[in-house]
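**Student:** Spelled out from the first residue to the last, the chains are:
6 protein chains.
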Amino acid sequence: MAEEKQLMTFAVGEQMNLMALLKSVTVRVAKNGKQYLDLTFEDRSGEITGKFWDASDDDVKRYQAGRVVRLTGKRETYQGSPQVKILSLRLANADEQSDPAEFVVHAPLKAADMEEEINQVIFEITDQVWNRIVRLLLSKHREAFFTYPAAKRNHHAFEGGLAYHTISILRLAHNVVAQYPNINAPLLYAGAILHDLGKVIELSGPVSTTYTVEGNLLGHISIVDGEIVSACNELKFDLNSEPVVLLRHMILAHHGLLEYGSPVRPRLLEAEVLHQLDELDASIMMLTDATEKTAPGEFGERLFAMDGRSFYRPKENE
Amino acid sequence: MAEEKQLMTFAVGEQMNLMALLKSVTVRVAKNGKQYLDLTFEDRSGEITGKFWDASDDDVKRYQAGRVVRLTGKRETYQGSPQVKILSLRLANADEQSDPAEFVVHAPLKAADMEEEINQVIFEITDQVWNRIVRLLLSKHREAFFTYPAAKRNHHAFEGGLAYHTISILRLAHNVVAQYPNINAPLLYAGAILHDLGKVIELSGPVSTTYTVEGNLLGHISIVDGEIVSACNELKFDLNSEPVVLLRHMILAHHGLLEYGSPVRPRLLEAEVLHQLDELDASIMMLTDATEKTAPGEFGERLFAMDGRSFYRPKENE
Amino acid sequence: MAEEKQLMTFAVGEQMNLMALLKSVTVRVAKNGKQYLDLTFEDRSGEITGKFWDASDDDVKRYQAGRVVRLTGKRETYQGSPQVKILSLRLANADEQSDPAEFVVHAPLKAADMEEEINQVIFEITDQVWNRIVRLLLSKHREAFFTYPAAKRNHHAFEGGLAYHTISILRLAHNVVAQYPNINAPLLYAGAILHDLGKVIELSGPVSTTYTVEGNLLGHISIVDGEIVSACNELKFDLNSEPVVLLRHMILAHHGLLEYGSPVRPRLLEAEVLHQLDELDASIMMLTDATEKTAPGEFGERLFAMDGRSFYRPKENE
Amino acid sequence: MAEEKQLMTFAVGEQMNLMALLKSVTVRVAKNGKQYLDLTFEDRSGEITGKFWDASDDDVKRYQAGRVVRLTGKRETYQGSPQVKILSLRLANADEQSDPAEFVVHAPLKAADMEEEINQVIFEITDQVWNRIVRLLLSKHREAFFTYPAAKRNHHAFEGGLAYHTISILRLAHNVVAQYPNINAPLLYAGAILHDLGKVIELSGPVSTTYTVEGNLLGHISIVDGEIVSACNELKFDLNSEPVVLLRHMILAHHGLLEYGSPVRPRLLEAEVLHQLDELDASIMMLTDATEKTAPGEFGERLFAMDGRSFYRPKENE
Amino acid sequence: MAEEKQLMTFAVGEQMNLMALLKSVTVRVAKNGKQYLDLTFEDRSGEITGKFWDASDDDVKRYQAGRVVRLTGKRETYQGSPQVKILSLRLANADEQSDPAEFVVHAPLKAADMEEEINQVIFEITDQVWNRIVRLLLSKHREAFFTYPAAKRNHHAFEGGLAYHTISILRLAHNVVAQYPNINAPLLYAGAILHDLGKVIELSGPVSTTYTVEGNLLGHISIVDGEIVSACNELKFDLNSEPVVLLRHMILAHHGLLEYGSPVRPRLLEAEVLHQLDELDASIMMLTDATEKTAPGEFGERLFAMDGRSFYRPKENE
Amino acid sequence: MAEEKQLMTFAVGEQMNLMALLKSVTVRVAKNGKQYLDLTFEDRSGEITGKFWDASDDDVKRYQAGRVVRLTGKRETYQGSPQVKILSLRLANADEQSDPAEFVVHAPLKAADMEEEINQVIFEITDQVWNRIVRLLLSKHREAFFTYPAAKRNHHAFEGGLAYHTISILRLAHNVVAQYPNINAPLLYAGAILHDLGKVIELSGPVSTTYTVEGNLLGHISIVDGEIVSACNELKFDLNSEPVVLLRHMILAHHGLLEYGSPVRPRLLEAEVLHQLDELDASIMMLTDATEKTAPGEFGERLFAMDGRSFYRPKENE
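Residue numbers (the UniProt record's numbering), protein chains in the order written: chain A, 1 to 318; chain B, 1 to 318; chain C, 1 to 318; chain D, 1 to 318; chain E, 1 to 318; chain F, 1 to 318.
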């Protein structure tokens, strides 16, 4: 693909001319009675909305979510959000980049590499109870685990985000174990790998992610806790044995506070550490994303998951 | 047993002479170097502490927790708590009431009657998924369910309290179902029967009740949720089927608020009702207990589980 | 009335053709300078808004709030809320249903039946102080009590809702009294009847309900407390006598928490029970309403008075 | 009275020899079986406790609360609280100061002067509704109003404290009215005079002050609100007229926050001002008391009513 | 200027014809593709917005922020906010009032008078450390101090508001010092003068006020604390000497609560008083403004800085 | 020192015989009138208290805080806390270990090694503004920085704890920088080194640590912020330049929440990371300490700084 500017790299007022993916399309009727399309364009730099006025029935058929288009327009702002005033629109030509996957953000690592890295960590889980539960559950949910996002929005909300977030925590965990030798490394690693696995049932999938009924009524913490119980039943592990109780505690407590949905607060050193590393990686990812979208010397958008704070991007020479 | 006054019915300053159970005995050394016994006496009216000074080694052997004694002394108050100044103490004679069970508070219903009443309710759980899970789990934990208290302290903290609290909620639930016909009765009854069943693992047993390691690290909500998952595994029920998800939600949400340890808040009418009926029965039991120990025209002791409030007992003629 | 579909029973995109009440009408000017009407239609299934474009002056005179109309249109959604795209509109013919009362939600019981039921309860208030205060105040505010809603929105926000909510609590209270005999029934019933009576002054009336100045500056709790004081003055009851103090406490404490506007928290068993039954009936009513408007297998709208939670309606076969 | 040092002016370790009032006396039995007296001594500088060992029956009769004694002893500290080790004790001689009133803190103004100052303010309440309500209620509770403390402990917890606190607020209010002329002065003054008047029923009296049953079950806010309603009934004022509603709002809202027991928050400029002046005067009084008991360069005791903060007394040369 | 009605004194529906300042101008494109101007008009009575449709390029050049215009139109309401439907618009003639300063709200006192009043107070700061720090910092930031507003919005958000708010607090402080003689007046005055001085760096200036980067990253409390440290460095005052520590504490603690941005809570009587007087003056100013914009017998708009409360303006005859 | 058991390694009831440091000594008078010593013994395993009865005046002179003694006694428990019943006591012989430093906990690294490690990090602070401020302030407070504890109690409350905590954070920071390359490493390192430096003024010193007046009135955050300002004044750095503002923000925001004493919340990625690493290291240190004092299979003492939670030490075979 020739080096074109991307959606979020245009300044307000600038002319835009680029390829983009139609992420969502809604047909609406304007006050003058004519139909128009409410479009969301996407590429790896982000998303922007625009209105396609006076859409014919052919336009409605042509511009469907998932198609790649060539867009020319003008970058504007509407009520504080970026918007494009569409000047022309057409589907991608045969000789243009038209693979939707090229326009979608995904994890910086390939699924195969992530799987390899996690397998290496599993070798370090020397306790056989934890090792076998982890392997059974990863194997059961393998495909979803390496493609699902880690969230509907906020941090790691991209394809493969769940596995990538897990790997980031494992990397942090390795360093922490090296620095504080009294930490039970196998327990921390097993907890880290499983902590968000319930999201493969809580969320609907890697695209147009929503919460499932199970997600809303049980939550990913109790979902994965139930998965661990099922695994123990299958492996004939005693639910009341200490290794099982410790591992379940790691998952149940990982949100840190009851208010955040953990039914118990951390009561093990390793559970406290897992909770804090989870928060650390999620925060860094969110702030990195937000800062990249912010001009030097400016504050970015308010981040809901950071209590509504906006963050400053220092001037370039810092 | 001849009609004697009971422990808590003596006024401060009054002479006491009655049979009582030694609930706990601790041997301590006084500042003068002699050993003494720190005793807690119990009968169905409540508990009171007293010190037995200058205890001989024979006394230490004689006065052990679980023995019934004849106590004479004087009712006093020490730092706001009732206390008895012991004047004499001896073990119960052969012709005196010496069965410890006669001095312990227990549920107002017999275990057999409670079991019969719960079995009747199970007939009304017409959904076969819920019915079979309930029966399997009740059968698995039958003995503990009918003997455990509902709590370490606070409400229904007596032998059989767990089953009695469950029955009280079921009675309330029947009336609510009759008044509001859109409530799903089988779901409400199944949830009510199982909601606190995890306490048979969270707590150590009917006497000298403490929290187990599982209780502290998992909590009774996740414990019973795990039991339901195990039951489904055994019964070959699909964990993702709606009846199973709904039943798990009933249990997970029954504390009402995340701050109180529910990993999800009620999102079903029946889950909200179960939470409120649980709170209603627990409150009435606690306030009934507290009021009975309070003189007319006075406020009773502060109740930790009611946010530290003390409650007023109106004068007799109300 | 022939069996027609009602406002809220049409699916999005479906053609609508039915009689409805104009609940509110606002004349506005469109950006093209022409006037249009912003209409809210109502029947017993709920409410929906629609815009009547290019309204002539005759239209403005014709379509006034309170008139019954025949509406044809198409069911749409605008920013998440139901809306009708109006295709035609005319006033009801002489042979069509045109009584506004037929389109308005009201209590499921007739005022006369509610009055009879409450009178029966008053016989059970055997304490003469409470009995006479209740009768004096019900008699003073009789008409409003049986026609006012229980709230501006949220629960029981329909004509007669205040009395109906009161009766529902009394029914719950009867069952609770039967199950827990130590509760002072006359005190609980007297408190239940009076607890929300202040709303007849706090709210403006059964239609287009708003808060009055007294409602905003005093609140219905202090309003009814003042009414009780006035009743005592009239009946020559000593304000410092225990029955009066207990009854005032029942009303003052019924919101349960200071944060919810009670100047004191419940300090009597009966006050705690009244608070919880009030909450129980209000919750069930709100959730019943919300669930009825939700499709099976879906979550309904967020309920402000339930802390913003949305509730799930299980699939039909549950 | 010759210039003697007072109770709180001795340093730890210093010999004490002075007259003091026995504020409270409790007879206890020591571990050696002998009775002793737990005494609290008081003078205008504060209070201190001490133990009188091996008390004879004569001692018990002699040293009763309310008697003035000559005390010699040594100033000590026990668990962070001041204490006196008693060396000798005897009742006051005929030629010594033995009037208990000389040892009790009271308001810095005489009752007659306070009454005169409040009467002057009443002349400025030009609205006749407010003027007559204020006069009727002050006249009804005149004696208690000028002798009661403003609180059981914390601020103005001395004889006459209620009236003195009221006057302090009125003085602040005069200055505020002069600086901000849009404030409705008569409303502010009427609210200030009545705001804490309910304490004459909420509290038991000027000495050994406790909460009454009415105080616990209704609270002083609703008590005085009821008094205003009664006054209106007697004066034939319409409870729904605006002046009455405004005055009741002033009282109901004066704690500022629902969490502090106001059933409504201030919704009038004057109600907000009254709330803040109430807090300002109470804070200054508490901090003045606390600072006086603190050595220069030290932090004083933690003040419960100031959220547990302790306050610093700067070194003398500031 | 002939006595004309002002912007906020027209009733809804009334014809408007008056001079006003263009406070802000935004060029937008309507759905029909034509450009229009989104205007905010201002005079001393307040602000109102209006749309100028079909704006030519000449109109865009002509109507710039800061120009004075003659406006005729009709007073309307749009989504609860006041709005003007513009009928005609032109720039001010040579013989009309065209000085923007005449249309902008500013402090009720002239800068020179405020400076004089503050200088008088400085004479009363008899401690030389505090006196010299105050004089150095006031001199350094003199121009900004007398022109900046006290806030971006909410209270004293007008030119000179910072100095005026400071003077109001000083006037309150004088009265408080007179009434409570144990207050350290020089410390209170020095703290009052400096408490908000950091706003001259936190805010961008008197017009179109925004937060600076320093304002967002440091906050005005730490900014002025740093200024005091710099002043001490310049004046060779020891940072660890008690007068410096006390003065810094006055500023650091003046928001009263950690949640409001004070790094320490008040631990000095004077710091507590400063905090409360700051709040008192700010509240009275906000409520005075809000009440002036409210019709008698109505509640005004919700005030964000008063926790979202709206305030009542009593009917005229009160 | 021959391998002896240490203070905290004896079981309840076991005989103790070992060398220990007298950490504190208080002379008290028993109820029988004789003086006794309230002693706290310390070695590197922890602290335990004991009473030395019937102390002669010689004993009082002999057993002073700071002396090393040989203690024989019996390990007991008093109200849940460990206690030793003293059987014999004497000062250390000439041939016994009598260097107090051998009995005191200190940082696991030597001061010289810590200084070397921090100097290495300073080389990585490539921004000259941050580099010079850090060097100036470390040089100014060098001695205290390497000897002070990081807190009065809770985490790193030992000699050298402040520097050791700083180094631990720097080690974590290095790993985080390696994993997330967009983090500004020099800013993070500079912030980490200075973040708690204010404790050298907030706390009184390495032994018997208390809060100073500056500590109470300013807090260590504002203290070090003032130190940075002073450094800038000395180095002629502009307080309004971005590097200075960013560095001050790092320190001001490092407690993360306003409620924890930060006057501003983190608004920079690096500030958020510093806050989380600070919390992570402090938590791991506290939990490591607490777990070491807990028997396998038990929960330890409640930790105030971890919201009162107690932590579980798994059984040995985990």
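Some hints here could point you the wrong way.
[Stated by the list, open to error] Below, a list of computed lysine-lysine pairs in the DSBU-like style, where the Cα atoms sit at most 35 Å apart: (1) K51/B <-> K34/D; (2) K140/F <-> K61/B; (3) K51/A <-> K140/C; (4) K140/B <-> K51/B; (5) K85/C <-> K51/A.
By construction, these hints were calculated from the structure, which means they are not laboratory data.
**Student:** Now look at each hint and say whether the structure bears it out.
**Tutor:** Consistency of the hints with the structure:
no.: 1; hint: K51/B <-> K34/D; verdict: holds (16 Å)
no.: 2; hint: K140/F <-> K61/B; verdict: violated (68 Å)
no.: 3; hint: K51/A <-> K140/C; verdict: violated (61 Å)
no.: 4; hint: K140/B <-> K51/B; verdict: violated (43 Å)
no.: 5; hint: K85/C <-> K51/A; verdict: holds (21 Å)
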